[in-house]
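Visitor: Residue numbers (the numbering used here): 1 to 232.
Honestly, the hints are just simulated from the structure, not real lab data.
On a predicted model such as this, the values are computed, not experimentally measured, just so you know.
Please note that a few of the clues may not be correct.
Okay, the calculated beta carbon distance ranges per label pair [as the list claims (entries may be wrong)]:
#, residue 1, residue 2, range
1, S150, A226, 20 to 30 Å
2, P206, T170, 30 to 40 Å
3, E132, Y62, 36 to 46 Å
4, T96, D173, 14 to 24 Å
5, V54, A114, 18 to 28 Å
6, Q215, A183, 30 to 40 Å
7, R52, T96, 48 to 58 Å
Glycine included, every Cβ here is placed at the ideal spot set by N, Cα and C.
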Amino acid sequence: MAITAAREGGTDGRRSAAAARRRQREREILAATRALFDERGVRDAQIEDIARAVGINRAIVYRHFTGKEELFALTLVGYLDELRRQLVRAAESPGTPTDRLAALVSAFVDYGIAHPAFVDCAQSLMRRTGPELLQEISEGAMYRLGRSMSGCLAVLSTQLQAGVASGEFTVKDPVVLANMLYASGLGTLQLARVGILVMEAAPGVPTIASSSPDQVREFLVASALALATHRS
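Make the full structure from the sequences, and use the hints.
Guide: Written out as structure tokens, the structure is:
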């Protein structure tokens with residue numbers, strides 16, 4: 001019995017060590033993906049470059065992740081966790097629910113401007129339907145992504161609920177509005193990157209004007225406050 005217990009203990013130890021090595025390799029791959037995103041952008045990130053940065057071949061990447069979509073999803077988790085910390089700090093700022101909602105939206109915009117790869121990564125996944133993502137991303141990865149995303153949205157919806165309780169906001173469903181603000185904010189942040197607005201100089205005559213991050217921030221803050229205080 002003692003020999004059997006020793007063997008079982010040795011097997012458990014080897015399994016634990018193998019699991020630890022696997023988790024470490026996954027962290028290395030995700031760190032390399034994040035670094036590549038921040039350096040080159042999402043569009044130019046290739047699995048071969050990620051594998052080369054870790055010192056492995058691309059086949060090993062696919063041993064740890066179901067595919068490129070899952071790798072992107074779990075890289076997005078890192079961005080979202082950072083964003084949540086920024087939002088929590090904004091939510092703790094002094095003032096009224098209106099003040100804190102403005103601070104939250106500003107924090108979101110500032111993070112998106114500072115991390116354009118976050119915006120690209122989030123948008124690339126949002127272009128896929130739910131069933132498509134469930135086919136391409138493992139259940140565990142989807143859970144981690146959902147947990148990180150819901151953590152960010154919860155900070156926002158909590159402040160919307162506080163505004164409803166104080167009588168400042170007239171939001172029927174804070175969760176829905178929080179999701180809408182997140183999705184529309186990602187799209188609007190592209191204006192800050194592109195830096196131009198398209199308009200008509202005369203009927204049928206297009207022209208462009210410049211767009212600044214400050215304008216984008218002011219627009220998103222004003223839009224969020226208008227939606228939160230709209231009275232039908």
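Visitor: If a hint holds in the structure, say so; if it does not, say that too.
Guide: Checked hints:
no. : hint                    : in the structure
1   : S150 - A226: 20 to 30 Å : 25 Å, holds
2   : P206 - T170: 30 to 40 Å : 38 Å, holds
3   : E132 - Y62: 36 to 46 Å  : 19 Å, violated
4   : T96 - D173: 14 to 24 Å  : 21 Å, holds
5   : V54 - A114: 18 to 28 Å  : 25 Å, holds
6   : Q215 - A183: 30 to 40 Å : 20 Å, violated
7   : R52 - T96: 48 to 58 Å   : 51 Å, holds
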